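Chains A and B, in that order, are what the protein sequence lines are.
Using this note's numbering, read the first sequence as starting at 580 and increasing by one per residue.
Using this note's numbering, read the second sequence as starting at 228 and increasing by one per residue.
Note that these hints are calculated values from the structure, not bench results.
Because the structure is a prediction, the values reported are computed rather than measured.
A few of these clues could be false.
[Stated by the list, open to error] Calculated cross-link-like contacts (lysine-lysine; reagent style BS3-like; alpha-carbon spacing at most 27 Å): (1) 331/B with 407/B; (2) 568/B with 702/A; (3) 704/A with 568/B.
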Amino acid sequence: MDVGRLVTLNAAYARAIDNEQFEQWPELFHDDCLYKVTTADNLAQGMEGGVMYADSRAMLQDRVSALRKANIYERQRYRHIVGLPVVLGEKDGVAEAETPFLIVRIMRDGVMDVFATGCYRDKVKANAAGELRFVERIAVCDGGRFDTLVALPF
Amino acid sequence: MDIRHNESVWPEDSVARVPYWVYQDPANYTRELGRLFEGPTWNYVCLEADIPNKGDYRTNFVGALPVIVVRDADGTINCFENRCAHRGALIALDDGGNVENNFKCIYHAWSYDLCGNLRGIAFERGINGVGGMPKDFKRETFSPRKLRTTTLCGLVFATLSDETPPIEEYLGDEILGRIKRVLNRPIKVMGRFTQALPNNWKLYVENVKDTYHASLLHLFFGTFRITRLTQGGGVLVSPDGGHHASYTIDKADDRQSTAYRDQGIRTENKDYTLADPSLLDTVKEFGDDIQLQILSVFPGFILQQIHNCLAVRQVVPRGTDRMDLKWTYFGFADDPPEMTKRRLKQQNLVGPAGFVSMEDGCVGGFVQRGIASAGEQVSVIEMGGDTTESQATRATEASVRGFWKAYRERMGY
Numbered sequence: 580m581d582v583g584r585l586v587t588l589n590a591a592y593a594r595a596i597d598n599e600q601f602e603q604w605p606e607l608f609h610d611d612c613l614y615k616v617t618t619a620d621n622l623a624q625g626m627e628g629g630v631m632y633a634d635s636r637a638m639l640q641d642r643v644s645a646l647r648k649a650n651i652y653e654r655q656r657y658r659h660i661v662g663l664p665v666v667l668g669e670k671d672g673v674a675e676a677e678t679p680f681l682i683v684r685i686m687r688d689g690v691m692d693v694f695a696t697g698c699y700r701d702k703v704k705a706n707a708a709g710e711l712r713f714v715e716r717i718a719v720c721d722g723g724r725f726d727t728l729v730a731l732p733f
Numbered sequence: 228m229d230i231r232h233n234e235s236v237w238p239e240d241s242v243a244r245v246p247y248w249v250y251q252d253p254a255n256y257t258r259e260l261g262r263l264f265e266g267p268t269w270n271y272v273c274l275e276a277d278i279p280n281k282g283d284y285r286t287n288f289v290g291a292l293p294v295i296v297v298r299d300a301d302g303t304i305n306c307f308e309n310r311c312a313h314r315g316a317l318i319a320l321d322d323g324g325n326v327e328n329n330f331k332c333i334y335h336a337w338s339y340d341l342c343g344n345l346r347g348i349a350f351e352r353g354i355n356g357v358g359g360m361p362k363d364f365k366r367e368t369f370s371p372r373k374l375r376t377t378t379l380c381g382l383v384f385a386t387l388s389d390e391t392p393p394i395e396e397y398l399g400d401e402i403l404g405r406i407k408r409v410l411n412r413p414i415k416v417m418g419r420f421t422q423a424l425p426n427n428w429k430l431y432v433e434n435v436k437d438t439y440h441a442s443l444l445h446l447f448f449g450t451f452r453i454t455r456l457t458q459g460g461g462v463l464v465s466p467d468g469g470h471h472a473s474y475t476i477d478k479a480d481d482r483q484s485t486a487y488r489d490q491g492i493r494t495e496n497k498d499y500t501l502a503d504p505s506l507l508d509t510v511k512e513f514g515d516d517i518q519l520q521i522l523s524v525f526p527g528f529i530l531q532q533i534h535n536c537l538a539v540r541q542v543v544p545r546g547t548d549r550m551d552l553k554w555t556y557f558g559f560a561d562d563p564p565e566m567t568k569r570r571l572k573q574q575n576l577v578g579p580a581g582f583v584s585m586e587d588g589c590v591g592g593f594v595q596r597g598i599a600s601a602g603e604q605v606s607v608i609e610m611g612g613d614t615t616e617s618q619a620t621r622a623t624e625a626s627v628r629g630f631w632k633a634y635r636e637r638m639g640y
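Could you put together the complete structure from these sequences and hints?
Here is the structure:
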């Protein structure tokens with residue numbers, strides 16, 4: 580796996596969320612996929628639950644429509660700082676990679692706080708058009724304490 | 228007059244009025260920690276499933292009091308203050324683990340058995356007869372404070388008071404029955420998350436007990452008919468007011484109800500649909516038609532069943548305007564894989580990112596900020612009257628008033 584392709588995918592991912600173009604976010608996944616936000620502790624103890632959990636692209640689309648139409652939350656944005664991916668292996672066209680992230684949350688009153696740090700554990704493969712897309716993205720947060728209102732995806 | 232320092236004055240002497248200083252005043256907060264959390268109440272500290280084997284422990288808080296909960300050799304569960312008798316340092320530093328036979332304070336290596344008794348003092352006799360503790364020092368009189376524990380359906384509660392009645396008596400038959408309804412067999416922990424809320428702990432407890440708000444604030448509840456005031460159900464309030472269980476039973480004729488639309492309420496939105504409706508694919512698993520049950524135990528424990536999404540939540544106060552909400556998601560040990568998958572999906576409804584719970588996580592902060600300059604003003608809690616008895620509707624604030632009944636009684640207000 581060419582690391583440059585992973586960097587490009589990660590950049591598109593962060594840009595979609597940070598620029599509030601949320602509708603583009605599910606497009607970076609395969610139809611059949613797994614997206615989860617969890618913690619390093621839960622993972623270490625073999626616990627499967629997540630604060631967000633989706634096993635289809637449609638569920639990711641529902642996250643977006645809920646943000647747009649259903650949920651009430653104070654206006655906020657993220658700034659993702661995504662590190663360099665490490666490729667852990669590749670098999671049958673699916674590459675496994677790990678990429679550290681840091682998310683700053685910007686609230687409507689202007690406060691900028693470090694909101695989450697962690698590591699994406701990814702499985703990626705190309706779609707029919709040859710574009711790299713996520714089969715799996717697990718956002719493993721370093722800590723287990725979330726400031727209230729995890730509205731936007733990590 | 229500054230009423231917060233006069234314990235006999237409560238506005239209008241009514242549980243339908245609550246003065247806003249109770250969410251702000253530091254002296255009142257300190258009094259709550261002593262009279263409520265460290266008083267004659269049962270406080271949730273962990274699940275039995277968290278500490279199955281001898282020496283397994285979890286650390287937690289009873290109000291502000293740090294505690295260790297540990298499984299003893301004979302299978303009983305002990306709870307004691309997480310504070311070394313020597314200089315006051317925390318004895319256990321992790322969230323949990325296994326210690327086999329004893330805890331050892333890292334500061335000066337004083338050690339404690341699984342009951343919290345002081346057993347070992349490093350260099351107790353000094354070096355070559357010089358130094359060391361006085362010969363008449365009585366180890367047994369120095370130990371961290373011990374709490375009594377009790378278990379109920381796999382839940383572990385602790386109390387610092389000798390006066391707290393047995394848990395069954397504390398809860399009453401109605402609430403006890405509602406706990407047994409859900410926790411009817413061994414459970415499996417599926418995840419733990421802490422949600423830090425920017426509000427006084429009581430604003431969250433009131434939110435949990437507030438059956439009136441649920442379908443008005445949460446579009447997911449209204450639109451997807453998870454709980455609506457026009458469905459069947461009601462709220463049970465314990466005789467002392469402190470505990471509650473609200474429940475929703477779907478009714479076929481609710482699908483024709485236009486009550487929400489007639490009032491222009493945002494949370495019924497016929498145009499809002501899910502691209503993947505499997506999120507709400509639910510099976511009845513408790514042998515009845517109750518699709519939602521929210522239950523609270525005074526002062527800060529919550530048991531939740533929303534469809535097949537099960538969790539316990541613990542309220543940990545962190546000052547007048549901060550609290551932690553500790554979520555433990557669970558299923559049952561005998562869940563088949565498809566049930567586990569169903570629960571994982573429905574967990575999207577709750578927690579810090581929950582389609583429902585994210586809104587509960589912010590309304591408390593909206594109140595805390597809204598009342599910044601209103602300490603002497605009161606909130607109005609009068610839906611369904613000004614009493615606290617169980618009601619066959621959820622268009623009531625009876626269980627919120629019940630909380631204030633128990634609060635005033637225990638605080639001496």
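Does the structure keep residue 704/A and residue 568/B at a Cα separation of 27 Å or less? Between residue 704/A and residue 568/B the Cα gap is close to 24 Å, so the pair holds against 27 Å.
Between residue 331/B and residue 407/B, does the CA-CA distance stay at or below 27 Å? Distance of about 38 Å is beyond 27 Å: violated.
Are the Cα atoms of residue 568/B and residue 702/A separated by 27 Å or less? Given that 27 Å is the threshold and the Cα spacing comes to 20 Å, the pair holds.
In summary, the one numbered hint that this structure violates is 1.
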